[in-house]
Amino acid sequence: MSIEQLIQDIVTHSPALIIAIPLLGAFLTPLISRINDKIRNIFVILTVGLTGFIAFLLSYDVLINGNIHSYVFGGGRSVIALPSGSSFAIRILFEVDGLNAFMIIIGAILAFVGVIYSYSFMKGNTGLDKYYTLILLMIAGMFGMMLTGDMFNFFVFLEITSISSCALIAFWTNKGKSIEAGFKYIVISTIGALFVLFAIALLYGKYNALNMAVLANSIDIVNNGFIDKTALVLLISGLAMKAGIVPMHMWLPDAYGRAPSSVTIILIGTTQASLYALFRVCFTLYGSQLTQTLKYIRFNLGGSTVIFDIRLNGVFALIIIVLAILTIVVGVLMALKQNNLKRMIAFAAIAEIGYMFLAVGAWVWVIGSEHGMVALKGGIFHIINDALDIGLLFLVAGAIYYVTKETSLNKMGGLARNMKYTTIFFVIGLLAVSGMPPMNGFASKLLIYESIYHVNPILSIIAILCSILLLAIFVKVFHSAFLGPKIPKFDKVKEAPISMLIAMGMIACLIIFFGLFPNFIVENIVEPAANAIIDNSSYISHIIGGA
Amino acid sequence: MIYNIPFIAVAALVIIGLYAVIFKRNLIKIVIGITLIESGVNLFLITLGYREGSTAPIYTNSPAGTMSLPVPQALTLTSIVIGVAVLALMLSLSVHIYRHYGTLDVRKIGKEEEQ
Amino acid sequence: MEIWQKLLETLSTENGFWNPLIWLVAVVIAYLIIYILRGYGKKECKEKTEQTKAFLSGNPEYEKEKMHIKGSNIYWGFTESLKWVYDLLEKMHTENVSDFILWFVIVMGIIFLLVGVI
Amino acid sequence: MSGMSRIVKTISSFVFPFVLIYGLYIIAHGHITPGGGFQGGAVVASGCAMIVVTYGSIWTMSKIKEKRLSVFESLGAVGFIGLAFIGLFFGSKVFFYNFLMRQDTIPIFNNVGEGLSNINTAGVLPFMNFAVGLKVIAGLFAIVLVMAYATTKKEGSK
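Line by line, the protein sequences are chains A, B, C and D.
The first sequence: position 44 = 59 (the numbering used here), numbered continuously.
The second sequence: position 86 = 214 (the numbering used here), numbered continuously.
The third sequence: position 114 = 120 (the numbering used here), numbered continuously.
The fourth sequence: position 48 = 63 (the numbering used here), numbered continuously.
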């Protein structure tokens, strides 16, 4: 078998392999760790690396060659045409279009970096075989959420992810606060997921299908208004809670702040998988209904009748933009006040989620027009930028914690003298997260500012102001943690271990690469994803096809 | 009317569960509330698959006539399995919290100042 | 060669554009101008003399350790002037899991009113 | 928990094999009757939980270590996913492909004969049920055992 043939085969089976390899690795880990701890760590890194490699192959094929992949588990066709003429989707299938491919790139980067980082970061903890099992399960669940084309399957992966990540958040069981954060997270995510399941059940009862493409084809918000709208509301609110939208964000600083840093970086991936699911629901499942009129409202103004045409996209845009502005402002203001480094970054992460949401809201508002496309590009570009920036900052926070065992900013100072590389990485993350040129954050934020200016200039102003505040927040961290005189307690502090530096360095390189060549990234990675959001017909027709 | 009773039960279970989660202060009661919501959703799923006068979907030796749809039952089963895992996790976290703080009151846990 | 051309393309937003290369050139030019301006500075300024010491209205300088501003003291003015906002936000963040779910139900209700009823 | 009275212990040790057999029956017939790996595993695990309740968690912990259970759990999961992986190399070459159905190499797993007595009618499904059953038995038993043990330790230390 030639190499090309092998790669072709791998790409064909990649949607299954991407989740199967981490799953297999997860359950092999306890067996391997009976041999040797070092072998286990390397095995886990290799597993995640292989998964990431396959993910890159798949997303290369989807993004560059423009193919849509679908994979049916157990073989055969996914949609069975009944003699009566209707079709019936029966098997579980994965479907990968531009948006999925874009998300699995993020997932692969974060998972790989997180695992490399944990090599040194978690050294010395007990129960590491369970830690690595849970990490791999979480990665498998995250990829499953990003790849699946079946609503119920999505729920299952959502729960796999939340259970394993909850156990990881509470991994340091000697700290009361991390157990408490784990409990909060499991309550929140279970209730969110149960409401998602309720919505799935509603849709299943109505349309007798769980397949996303089949559902998207048959959802009709005008005729079956009540059930569809209820399901939409349940899905949006459940997934928005998992994605950390204000005012349902309170679990996020706890979970991000108390988890080990190596877990936090993968948690970012799972949060963004929820965000992806939100987009998938709003714009693929309900995509063809976006311009439907919900209601006409008639006014009598001086004899002439004025008719307001309330469309779904208007209502959507209103909800999304209001929530997004709330998210940005509350996130930034709360971050400014925190003194715990990781909680502060977590609030900044909330604010960053608001930016993506804002851009998508702007697109929904002006659906179909040119600057809508710019907004969508900016929003999607910002997803990957946010993952990298916030991820890097969390890793730096973890490195600081590793060497000083301190989380409070009040007790730090002068760390730049002993931790040169970490300081450099922090500065890169600082510039990127606050949208300073030439880092990647600037490019996406520029796109967002310019496009939401067309919706309302005030939104743009708020977004820019909050971005400046973000800069101020991290300058505060830079000043109080890295600058200043030497603190005698930290005299013997050493640079972070090499695997942590490698992990941070990888993300920093990616940030600089994305920053220096923004158009390359936007054209090749972001635009296919944006097109997938705009045009849901190819997603549907790939499954239903001519049948 | 008689066939609407399961749906009324679903609404009642979900609302009682939400009430327990929001207004009860004991962690165990919150866990009970979550399981109530979960059973409500499971009941809803299982009710969707039932048709009047249908038999259980067992292929062998079944009497002739309509069968109830097996897919919702499979879904419910999966959801129950997940529920078991979530329940075990929540209870073990409650054990840990009780050990650490000596109380299960949500207002009292996690309030200690950080050094 | 082609890949480089692709890499260096300009990202065009709708009304503007962004190219890091142009930015780099602009930064270099700005540094040049600053360097030239620096040449016009006074020649008498010498480092490590009395001239570069901090002047605190004639008071003696503190020790280095005491001069470091702690994290919670930075932006004190900002948080103080926005105290009413922060009071509201503190009231909102009760750190209590029941309230998280209450917020969830409230938001769900509002969205339901907006999407379902209208 | 330190165990219950002699009557309870005797009766539970008498009932335990029946519970075990019933659970294993459900696992083995998972593909032709209602039930399967999870249900049968849950039945077996509830039998094990009965042992934990009657004999006390400390005694049970001395008989079987929780680490060994986690190994069994991993073996079950690995078996399940491994069977799914093998499907990649046979027949229509799809993940989760039922490679034992309708083939000529190992004909006893073909769809030969029907009825409750013949368990070889579903190809790879019984094996998957066994794997899931192993995982569920080990997992649920470990959950019950560890929780019981953890709460005991607390009372002991006070």
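A few of these clues could be false.
DMTMM-like cross-link-like pairs, simulated, lysine to aspartate or glutamate; straight-line CA separation at most 25 Å [what the hints assert, rightly or not]:
id: 1; chain 1: B; residue 1: LYS157; chain 2: C; residue 2: GLU101
id: 2; chain 1: A; residue 1: LYS221; chain 2: A; residue 2: ASP235
id: 3; chain 1: B; residue 1: LYS236; chain 2: C; residue 2: GLU96
id: 4; chain 1: C; residue 1: LYS76; chain 2: A; residue 2: ASP76
id: 5; chain 1: B; residue 1: LYS239; chain 2: C; residue 2: ASP93
id: 6; chain 1: A; residue 1: LYS190; chain 2: C; residue 2: ASP105
id: 7; chain 1: B; residue 1: LYS157; chain 2: C; residue 2: GLU86
id: 8; chain 1: D; residue 1: LYS80; chain 2: A; residue 2: GLU19
id: 9; chain 1: A; residue 1: LYS501; chain 2: C; residue 2: GLU96
id: 10; chain 1: A; residue 1: LYS192; chain 2: C; residue 2: ASP93
id: 11; chain 1: A; residue 1: LYS504; chain 2: C; residue 2: GLU67
id: 12; chain 1: A; residue 1: LYS192; chain 2: C; residue 2: ASP105
id: 13; chain 1: D; residue 1: LYS82; chain 2: A; residue 2: ASP52
id: 14; chain 1: A; residue 1: LYS352; chain 2: C; residue 2: GLU15
id: 15; chain 1: A; residue 1: LYS426; chain 2: C; residue 2: ASP105
id: 16; chain 1: D; residue 1: LYS78; chain 2: A; residue 2: ASP144
id: 17; chain 1: B; residue 1: LYS236; chain 2: C; residue 2: ASP93
id: 18; chain 1: D; residue 1: LYS82; chain 2: A; residue 2: ASP144
id: 19; chain 1: C; residue 1: LYS89; chain 2: B; residue 2: GLU240
id: 20; chain 1: C; residue 1: LYS76; chain 2: B; residue 2: GLU240
id: 21; chain 1: A; residue 1: LYS221; chain 2: B; residue 2: GLU180
id: 22; chain 1: C; residue 1: LYS72; chain 2: A; residue 2: ASP506
id: 23; chain 1: A; residue 1: LYS138; chain 2: A; residue 2: GLU385
id: 24; chain 1: A; residue 1: LYS190; chain 2: B; residue 2: GLU240
id: 25; chain 1: B; residue 1: LYS236; chain 2: B; residue 2: GLU180
id: 26; chain 1: A; residue 1: LYS352; chain 2: C; residue 2: GLU67
id: 27; chain 1: B; residue 1: LYS239; chain 2: C; residue 2: GLU69
id: 28; chain 1: A; residue 1: LYS352; chain 2: C; residue 2: ASP105
id: 29; chain 1: C; residue 1: LYS12; chain 2: A; residue 2: ASP235
id: 30; chain 1: C; residue 1: LYS76; chain 2: A; residue 2: ASP506
id: 31; chain 1: A; residue 1: LYS352; chain 2: C; residue 2: GLU86
id: 32; chain 1: D; residue 1: LYS108; chain 2: A; residue 2: GLU19
id: 33; chain 1: A; residue 1: LYS426; chain 2: C; residue 2: GLU86
id: 34; chain 1: A; residue 1: LYS504; chain 2: C; residue 2: GLU69
id: 35; chain 1: C; residue 1: LYS97; chain 2: B; residue 2: GLU180
id: 36; chain 1: A; residue 1: LYS138; chain 2: D; residue 2: ASP119
id: 37; chain 1: C; residue 1: LYS12; chain 2: A; residue 2: GLU385
id: 38; chain 1: A; residue 1: LYS507; chain 2: C; residue 2: GLU69
No wet-lab data here; the hints were simulated from the structure.
The hints, checked one at a time:
A hinted pair counts as satisfied when its Cα atoms are at most 25 Å apart, and LYS157(B) with GLU101(C) qualifies at roughly 18 Å. Straight-line distance between C-alpha atoms of LYS221(A) and ASP235(A) comes to about 11 Å, which keeps the hinted pair within the 25 Å bound. Between LYS236(B) and GLU96(C) the CA atoms are separated by roughly 17 Å; this keeps the pair inside 25 Å, and the hint holds. Our distance criterion of 25 Å between C-alpha atoms is broken by LYS76(C) and ASP76(A), whose separation comes to about 51 Å.
For the hint linking LYS239(B) to ASP93(C), the alpha-carbon distance of about 18 Å falls within 25 Å, and the restraint holds. For the suggested pair LYS190(A) and ASP105(C), the alpha carbons sit about 23 Å apart, so the restraint of at most 25 Å is met. At most 25 Å may separate the alpha-carbon atoms for a hinted pair to count; LYS157(B) and GLU86(C) exceed this at roughly 40 Å. Of the supplied pair hints, the one linking LYS80(D) and GLU19(A) is violated, its CA atoms being roughly 49 Å apart against a limit of 25 Å.
A threshold of 25 Å between alpha carbons decides the hint, and for LYS501(A) with GLU96(C) the separation of about 34 Å lies outside it, so the pair is violated. Restraint check: the Cα-Cα separation between LYS192(A) and ASP93(C) comes to about 23 Å, which is no more than 25 Å; the hinted pair holds. Taken as a hint, the LYS504(A) and GLU67(C) pair is honoured in the structure, with Cα atoms around 23 Å apart against an allowance of 25 Å. Between the alpha carbons of LYS192(A) and ASP105(C) the distance comes to roughly 18 Å, so the proposed pair stays at or under 25 Å and holds.
At roughly 16 Å between alpha-carbon atoms, LYS82(D) and ASP52(A) fall within 25 Å of each other, so this suggested pair holds. For the suggested pair LYS352(A) and GLU15(C), the alpha carbons sit about 40 Å apart, so the restraint of at most 25 Å is broken. Taken as a hint, the LYS426(A) and ASP105(C) pair is broken in the structure, with Cα atoms around 32 Å apart against an allowance of 25 Å. Taking the CA atoms of LYS78(D) and ASP144(A), the gap is about 23 Å. The hint holds against a cut of 25 Å.
In summary, the hint linking LYS236(B) to ASP93(C) is supported, as the alpha carbons are separated by about 21 Å, within the 25 Å threshold. With a C-alpha separation of about 11 Å, the suggested pairing of LYS82(D) with ASP144(A) holds against the 25 Å cut-off. For a cut-off of 25 Å, the pair hint linking LYS89(C) to GLU240(B) stands: about 24 Å separates their Cα positions. Proximity of LYS76(C) to GLU240(B) is assessed by CA-CA distance (about 21 Å); at most 25 Å being required, the pair is judged to hold.
For the hint linking LYS221(A) to GLU180(B), the alpha-carbon distance of about 17 Å falls within 25 Å, and the restraint holds. Straight-line distance between C-alpha atoms of LYS72(C) and ASP506(A) comes to about 17 Å, which keeps the hinted pair within the 25 Å bound. The hinted pair formed by LYS138(A) and GLU385(A) fails the criterion: a straight-line CA distance of about 51 Å is larger than 25 Å. At roughly 11 Å between alpha-carbon atoms, LYS190(A) and GLU240(B) fall within 25 Å of each other, so this suggested pair holds.
Between the alpha carbons of LYS236(B) and GLU180(B) the distance comes to roughly 51 Å, so the proposed pair goes past 25 Å and is violated. Proximity of LYS352(A) to GLU67(C) is assessed by CA-CA distance (about 29 Å); at most 25 Å being required, the pair is judged violated. Note on LYS239(B) and GLU69(C): the hinted pairing is violated, with a Cα-Cα distance of about 36 Å set against a maximum of 25 Å. Of the pairs offered as hints, the one joining LYS352(A) and ASP105(C) holds, with about 21 Å between alpha carbons and a cut-off of 25 Å not exceeded.
Distance check on the hinted pair: LYS12(C) and ASP235(A) sit about 43 Å apart at the alpha-carbon level, beyond 25 Å; violated. Between LYS76(C) and ASP506(A), the direct Cα distance comes to roughly 18 Å. Compliance with the 25 Å bound is thereby established for this hinted pair. Only pairs whose Cα atoms come within 25 Å are accepted, and LYS352(A) paired with GLU86(C) is accepted, the gap being roughly 11 Å. Taken as a hint, the LYS108(D) and GLU19(A) pair is honoured in the structure, with Cα atoms around 18 Å apart against an allowance of 25 Å.
Using a Cα cut-off of 25 Å, the hinted pair LYS426(A) and GLU86(C) holds, with the two alpha carbons roughly 22 Å apart. Between LYS504(A) and GLU69(C), the direct Cα distance comes to roughly 17 Å. Compliance with the 25 Å bound is thereby established for this hinted pair. For the suggested pair LYS97(C) and GLU180(B), the alpha carbons sit about 52 Å apart, so the restraint of at most 25 Å is broken. For a cut-off of 25 Å, the pair hint linking LYS138(A) to ASP119(D) is broken: about 51 Å separates their Cα positions.
At most 25 Å may separate the alpha-carbon atoms for a hinted pair to count; LYS12(C) and GLU385(A) meet this at roughly 23 Å. Between LYS507(A) and GLU69(C) the alpha-carbon distance is near 21 Å, which keeps this suggested pair within the 25 Å criterion.
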